[in-house]
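Spelled out, the chains give:
2 protein chains.
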Amino acid sequence: MTQSNQTEFPARAEQSAEAAQPESAPAAPARADRPGTPLPPSPRTTPHVPVQVDHTPTATVAHGFGRIPVTDVSPVVEGGAYAAKAVVGEAIPIRAKVFREGHDAVNASVILTDPDGNETRHDMTPMAPRGLDPWEAWVRLDREGAWTFRVEGWSDPWGTWLHNAEAKLPAGVDIELVCLEGRDLFERTAQVAHSAGDPIEASILRATAQLLIPQRPAEDLLDVATGSGLAKAMRKFGPRELVSPTADFPIFVDRKKALFSSWYEFFPRSEGATYDEDTDTWTSGTFDTCHTRLEEIAAMGFDVVYFPPIHPIGNAFKKGKNNSLDATDADPGSPWAVGSAAGGHDAIHPDLGDWESFDRLVAKATELGLEVALDFALQASPDHPWVEAHPEWFTTRLDGTIAYAENPPKKYQDIYPINFDNDPDGIYNEVLRILKLWMSHGVRIFRVDNPHTKPVEFWGWVFAQIRKTDPDVLFFAEAFTKPAMMAALGKVGFHMSYTYFTWRTTKAELEEYLGELSRDTDAFFRPNFFVNTPDINPFHLQSGNQAMFAIRALLATTLSPSWGVYSGFELFEHAALAPGREEYLDSEKYEYRPRDYSAEPNLNMLMGRLNAIRHAHPALQQLRRIDFHTVPSDSIIAFSKVDGDDKVLVICSLDPNNTVESEVHLDMSKLGLAQDAPLPVTDELTGASFTWGARNFVRLTPLQPAHILSIR
Amino acid sequence: MTQSNQTEFPARAEQSAEAAQPESAPAAPARADRPGTPLPPSPRTTPHVPVQVDHTPTATVAHGFGRIPVTDVSPVVEGGAYAAKAVVGEAIPIRAKVFREGHDAVNASVILTDPDGNETRHDMTPMAPRGLDPWEAWVRLDREGAWTFRVEGWSDPWGTWLHNAEAKLPAGVDIELVCLEGRDLFERTAQVAHSAGDPIEASILRATAQLLIPQRPAEDLLDVATGSGLAKAMRKFGPRELVSPTADFPIFVDRKKALFSSWYEFFPRSEGATYDEDTDTWTSGTFDTCHTRLEEIAAMGFDVVYFPPIHPIGNAFKKGKNNSLDATDADPGSPWAVGSAAGGHDAIHPDLGDWESFDRLVAKATELGLEVALDFALQASPDHPWVEAHPEWFTTRLDGTIAYAENPPKKYQDIYPINFDNDPDGIYNEVLRILKLWMSHGVRIFRVDNPHTKPVEFWGWVFAQIRKTDPDVLFFAEAFTKPAMMAALGKVGFHMSYTYFTWRTTKAELEEYLGELSRDTDAFFRPNFFVNTPDINPFHLQSGNQAMFAIRALLATTLSPSWGVYSGFELFEHAALAPGREEYLDSEKYEYRPRDYSAEPNLNMLMGRLNAIRHAHPALQQLRRIDFHTVPSDSIIAFSKVDGDDKVLVICSLDPNNTVESEVHLDMSKLGLAQDAPLPVTDELTGASFTWGARNFVRLTPLQPAHILSIR
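Just so you know, the sequences run in chain order P and S. So the first sequence is numbered by my numbering: it starts at 1 and just counts up by one. So the second sequence is numbered by my numbering: it starts at 1001 and just counts up by one.
Simulated from the structure, these hints should not be mistaken for lab results. Heads up, a few of these hints could be off.
To be verified - Simulated pairs of lysine to aspartate or glutamate, EDC-like, Cα-Cα distance not exceeding 16 Å: (1) 1321/S with 1331/S; (2) 1411/S with 104/P; (3) 1232/S with 1187/S; (4) 410/P with 1470/S; (5) 411/P with 1104/S; (6) 436/P with 346/P; (7) 410/P with 1142/S; (8) 1468/S with 1104/S; (9) 321/P with 591/P; (10) 321/P with 586/P; (11) 1257/S with 1166/S; (12) 1411/S with 1295/S; (13) 1410/S with 520/P; (14) 670/P with 627/P; (15) 1257/S with 1326/S; (16) 507/P with 627/P; (17) 1410/S with 627/P; (18) 1256/S with 1470/S.
Predicted model only: the values in this text are computed from it and were never measured.
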């Protein structure tokens, strides 16, 4: 995005919301005894007529409890109207409360339906606290596409019998009956095993049934009842009764990059740009002059290269250096002021190249294992071809002029916002055409500028269309706004989003935020932790303290499966436009900024090492399994991430100025270990191996602010 | 209920749940990488075949966001599958998050649809914190029956214009345009007002439009824009654009007694029972000997009289005194062992009377303003006529015997639990027949014994049937079990429920529990705070401390709109069966217990006064508006309840042994007052009037443990 008026920073979100709401009118308290206004709606009500396309991805009918009640099912997004998120192979939790009347045993399964309609059943297990009846199953969905899941609660005769046997046999109560019921149960199950083509389990079950002889000592019978072989066979083939399914809820499985990615952003025009001192003019970099930088980025292990808009830039009200209003012809203008006589969103800025050189760039990136992400900024410069061809896609004010962007009384006359309500069919389909044009040139990721200034419903429609033909295409929301809007954009289908990480710096803030991201919003919101952006020069980096830059990179790369960096960060660029402003001085948004990326000091090595560690460790490629551990000092944060057998423990200083030391108390159960187990670890940053335990001592310095410990 | 095995006390809920789940099998951790079991279901899966009657009260289709997103709508129960609860005239909050893209103003309304399909619109107002976009409207539904509501988010041109005017006019920006847009808006709205038959508002709007002359000073224009008359007219007739409705969600409005009631429980057989010392035999009290007690109860302001089961009592395995197994013919047996040769749930115990004397009892109660609530205990003594006529309504074990109640290895052979799955059509409809029989004799309230031992789905079916013809009939759940089950019973339609109040004694516990009841579960769970029951002689009363009895009555009557007492409480009965057991010694469940209710000391006066205060104060008749105030001492609890203009403040000691004193710091905003406002109050217990403020000093004694202050 380009105009600061269009970014609602979370720190200001409340004020923004305040500003958007006139104080006078709605401030009156809601009076319950005020009579309602009778309907039907008078002519003054303009009902919204949606685009003549089905906006609704799916529809799930809420239904009441079945015979075995199942409730609080997750992940369910807006009652099932939208698909929950997963990527291929990701472990995701499916949870529900399952309970029943009386004392008989209850059990629960998850039924997954793959995109072809094939169903598989997965056992759920009760979680603590049991009094609250939570059940869960962690499942991995092994292919892309539209899956569904449902939870089935069921009555568990085997569980009931076993409970009875364990209570009655030692007490010598109803021995005959217990044996009779057990034999019947095992023999019936043996038949099922036999029919299912498992003669061995069938034999085990039949033989076990024969062992239930009432005359035997109770402890022998109890041994039979509680044998592990029996349990295994009964769990596999035992009866499930009163099976009570929920609705089927959608999960869309994306390719893995929707969750795990490492982004590098640079302005192509800066890369290879040259300055002629004699004429005091710049020559723009081009797609072709970017190839070397792509190689360097790939070498550091990044896998997405993101370019700000590459379209022609408008001349009307063009912004000069530092967002000034007095631009000259020599100023390149902001790439976010899209459109000029040379074309709009479907054109390439002539300074950068043409379709052929763009295709070469994409090919080069692909060869390097990099994906190109384009900025998709749905707004127009007054010079955009749309303005003349389709004035209905903008708002014409009563004085006949087209409305420019405003944050009253401030004006942003270089930008015309789109009006999505005048001609939704026209603008919706034009957007689709443009996206597909870039997709046809190899762009499979779009970073969407300010999506929260466009209708949520519009995005839902766009994603539903794209998903039909190109489910691999990913959208990354540049949403810095209020939580409900951030969530809504994720729910309608943005694959990932910028986050509040940029403003979370203390241990308490980070722990709370990661808790929310990993457990509360994981069904629909995937974070991408950018450490900086062309719009955001965070206060905590403005001192230029190099350890702070390292700490932020360490945190971003280990806390979140997706992270990103805007070029210059690795060179510790930090000069602010003005005190109290989180904007860069001499922002690259308004001028050429070629850089010597090999200048020392830099973070190239660290970034490369971090990306390598991330690629080597599945635990760091996922969001949902993160646990924080206790460190008495607030200057040190400690957390572990786990995926299957891969376990990583991160201990990171939050103090860039001082050596900090503290004990670290590990909750070993979060690592699947006994509290007194030895913990052999390797520090992935240094290669050193040592053995930790539940209690450890750490000393971290500004030069070595973290341990990233893989557990052997 | 009768058998301690059938009560799951919350304190023991976790163990019970544990016990119901065999430890061995499901304890294996959920392994995400364990492959799922392929489906379709093998023959061992017995799908539940529901009764051939529609179990689902309503069905709501989840749909995605409209043009203006609305989410997190409440009250919505199980996605709209069940109706949220309200009673006639009760103020209920309707809430949602409503937000939109960009900077234009958003607004929201609630549309209520009454049982005849008539719609009314109610303005919502934004709540704090605004950054989180919560909106609410408190509405009162003025008649019984099936209502629905929906939330409409909409674009608010008036709000947008006013915000612009307030920002631009003082800054001298776009004055002409602001005036032009304002005039257009007001004139269009004037036409709407005119069409709606409101020529005065139309004139005001037209005249105001004429005042927007760009040449006028900005402050004059601002005065015009922000005038309260204009705001009123615009709020009433101004445009609503892009109106985006949610689904319509059900609310069922019950008669007021479903929320506000005062219950008194006694055993009719005890009332008027006589003991013949010569023969060492008892003569049972009868319906006819209960009339005097009804008069006394009504005089104390109770409005529901609840009788334990009045049906014939089984003889098989009959329980003697103190639940002993060696009953003699002289023992009357537990009323919860329903059924004998004399009849089952559709019969009257011959000792108590006959249909005519029952009708006389109901008529007497009605005359006194009392409703009769019958116990509905769905279980059978082995002597119940069903056992022979309908063995399919019970569980026949493999040894050919009918299963009795068990909590293995314990046996409760005097009780046969119902099996609802063998012949659901049969047993479901038999239950309906029995309920309608008693309803036809004037019983409009049932206290349901141990509902959590019967299928939740069954209750949902029962209530849906009853509601069709007799929506005034109320069901009170004797559910002392886990939270999810308590909630589920409320969701499927129990009008009120027993609660954990019986075990909540500290200030922190009470505040937390009331917060949950008033805000988290109010859509589906209505509490009835019983201070004791024949099954529960709470530990805190077992010392017999009279102040403690008073405190519990004070808390129950003021914290909850419904409360109840089991006879003997007012006489401070407190002897426990055994140390560590919350059961009464010489429980009336197993023997006759006639009482001299006028014996001193007693709580008759206090109970009468409390019921009178409750009847006089609407604030105490509702659940949803309760706020706790700060008292430094943990021995004193302070809370206020508000309904419209009625405001009551309760300060109650929690220490029955000592005089306690403390400051009380009132959050005056919760009373709708300025923090420094004087607070003229009357103590409803003593009649004394005085003036309080935000900070007050209280001293409470065991003899005078509370103030109930009405605010004048």
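Hint check results:
Taking the CA atoms of residue 1321/S and residue 1331/S, the gap is about 7 Å. The hint holds against a cut of 16 Å. Restraint check: the Cα-Cα separation between residue 1411/S and residue 104/P comes to about 15 Å, which is no more than 16 Å; the hinted pair holds. Between residue 1232/S and residue 1187/S, the direct Cα distance comes to roughly 15 Å. Compliance with the 16 Å bound is thereby established for this hinted pair. Between the alpha carbons of residue 410/P and residue 1470/S the distance comes to roughly 63 Å, so the proposed pair goes past 16 Å and is violated.
Our distance criterion of 16 Å between C-alpha atoms is met by residue 411/P and residue 1104/S, whose separation comes to about 15 Å. Taken as a hint, the residue 436/P and residue 346/P pair is honoured in the structure, with Cα atoms around 10 Å apart against an allowance of 16 Å. Distance restraint check for residue 410/P and residue 1142/S: the Cα-Cα separation of roughly 48 Å exceeds the 16 Å cut-off, and the hinted pair is therefore not satisfied. Between residue 1468/S and residue 1104/S the CA atoms are separated by roughly 46 Å; this puts the pair beyond 16 Å, and the hint is violated.
The straight-line distance between the Cα atoms of residue 321/P and residue 591/P is roughly 6 Å, inside the 16 Å bound, and the hint therefore holds. At roughly 6 Å between alpha-carbon atoms, residue 321/P and residue 586/P fall within 16 Å of each other, so this suggested pair holds. Between residue 1257/S and residue 1166/S the alpha-carbon distance is near 50 Å, which puts this suggested pair outside the 16 Å criterion. Our distance criterion of 16 Å between C-alpha atoms is broken by residue 1411/S and residue 1295/S, whose separation comes to about 41 Å.
For the hint linking residue 1410/S to residue 520/P, the alpha-carbon distance of about 43 Å lies beyond 16 Å, and the restraint is violated. Taken as a hint, the residue 670/P and residue 627/P pair is honoured in the structure, with Cα atoms around 7 Å apart against an allowance of 16 Å. With a C-alpha separation of about 42 Å, the suggested pair residue 1257/S and residue 1326/S falls outside the 16 Å cut-off, and the hint is violated. With a C-alpha separation of about 13 Å, the suggested pairing of residue 507/P with residue 627/P holds against the 16 Å cut-off.
About 43 Å separates the Cα atoms of residue 1410/S and residue 627/P, which puts this hinted pair outside 16 Å; it is violated. A threshold of 16 Å between alpha carbons decides the hint, and for residue 1256/S with residue 1470/S the separation of about 15 Å falls inside it, so the pair holds.
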